[in-house]
Each structure stands twice: as C-alpha cells, then as structure tokens.
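K.L.:
Sequence:
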Amino acid sequence: MTPEYWGEATTHLSKRCKVMRGLIKSYPEAKLRTRGKAFATLARAIVGQQISVKAAQSVWDRVVAAAGDTTPVRLLAMSVDEMRACGLSGSKVIYLKDLARHFDEKLVNPRRWPRMTDDQIIEDLVRVKGIGRWSAEMFLIFYLMRPNVFPVDDIGLIRAIERHFHDGDRLTKTEVVAYAERWAPWNTVATWYLWRSLDPIPVEY
Numbered sequence: 003m004t005p006e007y008w009g010e011a012t013t014h015l016s017k018r019c020k021v022m023r024g025l026i027k028s029y030p031e032a033k034l035r036t037r038g039k040a041f042a043t044l045a046r047a048i049v050g051q052q053i054s055v056k057a058a059q060s061v062w063d064r065v066v067a068a069a070g071d072t073t074p075v076r077l078l079a080m081s082v083d084e085m086r087a088c089g090l091s092g093s094k095v096i097y098l099k100d101l102a103r104h105f106d107e108k109l110v111n112p113r114r115w116p117r118m119t120d121d122q123i124i125e126d127l128v129r130v131k132g133i134g135r136w137s138a139e140m141f142l143i144f145y146l147m148r149p150n151v152f153p154v155d156d157i158g159l160i161r162a163i164e165r166h167f168h169d170g171d172r173l174t175k176t177e178v179v180a181y182a183e184r185w186a187p188w189n190t191v192a193t194w195y196l197w198r199s200l201d202p203i204p205v206e207y
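141 is the number that the working numbering gives to position 139 of the sequence shown; each next residue is one higher, with no gaps.
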C-alpha cells in the first residue's frame with residue numbers, strides 16, 4: 003500500500019525545490035510502501051538501528067526464518083541464543099522482547115494511533131525499551147505513513163542533505179532542521195527521496 007498523498011506531495015516539492023525535482027524525476031516509479039503490520043514495523047526499526055539497510059535486511063530475514071512468523075508470541079517464545087544467532091546484539095534482543103511483551107500484554111494499543119498526533123504516538127512508543135524518537139519516527143513514516151515526518155537525527159537524511167545541498171560539507175543540527183520548514187507539509191516524502199538517492203535498495207520497515 004502506498005500513500006494517497008504521494009502525487010500531491012511530489013508536485014508540491016518539485017515546484018518548491020530544484021534538487022527535489024531532480025530526485026523525483028530520477029525515481030519516477032518509486033514510492034513509500036507500508037507492510038501493514040504494526041508490530042513487525044517496529045521490530046524492523048529496532049533491528050535497523052545503527053546498521054545499514056542491507057545489513058538490517060539480512061538480520062531481519064534470519065529472524066523471520068528462525069521465528070517462522072514475526073508475531074509477539076513467536077518472538078517471546080524464542081530463546082536469547084536463538085535470537086543472537088540471527089545476528090542481533092544483546093541489547094536488541096532485550097528491546098525486541100520488551101516490544102513483544104508490550105504488544106502481547108496490550109500495554110500499547112495500535113487502534114488508538116490513527117486518532118493521535120505524531121508527538122502523542124512518539125510519546126506512547128518511547129515507553130518501550132529500545133524505541134527512541136528515531137524508531138518511533140520510522141513507525142510514523144512506514145506504518146502510519148504520516149506525511150510530515152522529519153527524522154532530524156537520521157544519519158542517512160543528514161548525509162543526503164549535505165551531499166545534495168552543501169557539496170558534502172557537514173551541517174549543524176540547526177542547519178538540518180531548517181530544511182523541515184522548506185519541505186513542509188511533505189517532509190516524509192522529501193526524506194524518502196533523499197534516502198533513495200543514497201541507497202540502491204529502497205528503505206522499507
């Protein structure tokens with residue numbers, strides 16, 4: 003499933019920003035896609051923390067193969083050794099177990115999220131071990147497909163902005179944040195194309 007707003011967003015960004023126009027033309031068939039499962043999206047975000055897209059996919063594939071299905075019950079049933087054998091660090095095993103527990107015990111309620119603001123959802127999710135603001139933002143982008151998410155601490159986004167707008171020169175956080183104002187209300191779409199420009203594998207969670 004892809005977001006209904008994609009066409010409107012790309013038209014807006016193309017008119018407002020020459021660099022965005024070029025990136026959008028470079029990937030005419032590419033769009034953000036959701037896998038449609040809240041737990042799996044969050045679990046993939048944890049797996050993807052601080053590693054490359056390719057490495058994250060490899061680890062995730064091993065987790066899926068070992069678990070048989072990516073449900074809270076299946077992950078809770080896996081031993082620590084089984085999860086570590088998939089390439090997960092000890093801390094990520096703890097985080098995934100806590101995430102599974104929150105879903106299994108209904109400490110989080112996905113049915114409420116569509117009615118909540120982005121910041122309210124982030125506040126809800128960061129109660130889970132290992133879910134910081136970045137992971138919550140990935141969830142907003144890839145599961146709820148919220149249109150105006152700007153993950154300011156995402157290293158890929160920062161490097162892409164530096165490459166395309168500043169010839170690779172390093173930027174301060176304040177300078178990076180300024181781009182969120184330029185691309186609003188479609189920061190999710192701008193972020194996705196900047197990610198796409200860095201990696202031949204489309205980012206998915």
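Misleading hints may appear alongside valid ones.
Straight line, CA to CA, 30 Å or less: simulated DSSO-like cross-link-like pairs of lysine-lysine [claimed, not checked]:
hint, residue 1, residue 2
1, Lys27, Lys175
2, Lys39, Lys20
3, Lys33, Lys20
4, Lys33, Lys17
5, Lys131, Lys20
6, Lys131, Lys39
7, Lys17, Lys175
8, Lys56, Lys27
9, Lys99, Lys56
10, Lys33, Lys175
11, Lys17, Lys39
12, Lys99, Lys39
13, Lys17, Lys27
14, Lys99, Lys131
15, Lys131, Lys175
16, Lys20, Lys99
17, Lys56, Lys39
18, Lys39, Lys108
19, Lys131, Lys56
The hints are simulated quantities; they were obtained by calculation from the structure and are not laboratory data.
Predicted, not measured: the structure shown is a model, and the values here were computed from it.
K.L.:
Would you mind marking each hint as holding or not holding in the structure?
P.N.:
Hints, verified against the model:
1. Lys27 to Lys175: Holds, at about 28 Å.
2. Lys39 to Lys20: The given pair, whose Cα atoms are some 35 Å apart, is violated under the 30 Å limit.
3. Lys33 to Lys20: This hinted pair holds, its Cα atoms lying about 19 Å apart.
4. Lys33 to Lys17: Holds. Lys33 to Lys17 sits at ~18 Å (cutoff 30 Å).
5. Lys131 to Lys20: Judged against 30 Å, a Cα distance of about 40 Å means the pair is violated.
6. Lys131 to Lys39: holds (19 Å)
7. Lys17 to Lys175: holds (26 Å)
8. Lys56 to Lys27: Measuring from Cα to Cα gives roughly 24 Å; hence the hint holds.
9. Lys99 to Lys56: holds (23 Å)
10. Lys33 to Lys175: Holds: Lys33 and Lys175 sit about 27 Å apart, inside 30 Å.
11. Lys17 to Lys39: Outside the cut-off at roughly 34 Å; violated.
12. Lys99 to Lys39: OK: Lys99 and Lys39 at ~17 Å, within 30 Å.
13. Lys17 to Lys27: holds (12 Å)
14. Lys99 to Lys131: holds (9 Å)
15. Lys131 to Lys175: holds (25 Å)
16. Lys20 to Lys99: Cα-Cα ~45 Å, so violated.
17. Lys56 to Lys39: holds (21 Å)
18. Lys39 to Lys108: Holds. Lys39 to Lys108 sits at ~15 Å (cutoff 30 Å).
19. Lys131 to Lys56: The given pair, whose Cα atoms are some 24 Å apart, holds under the 30 Å limit.
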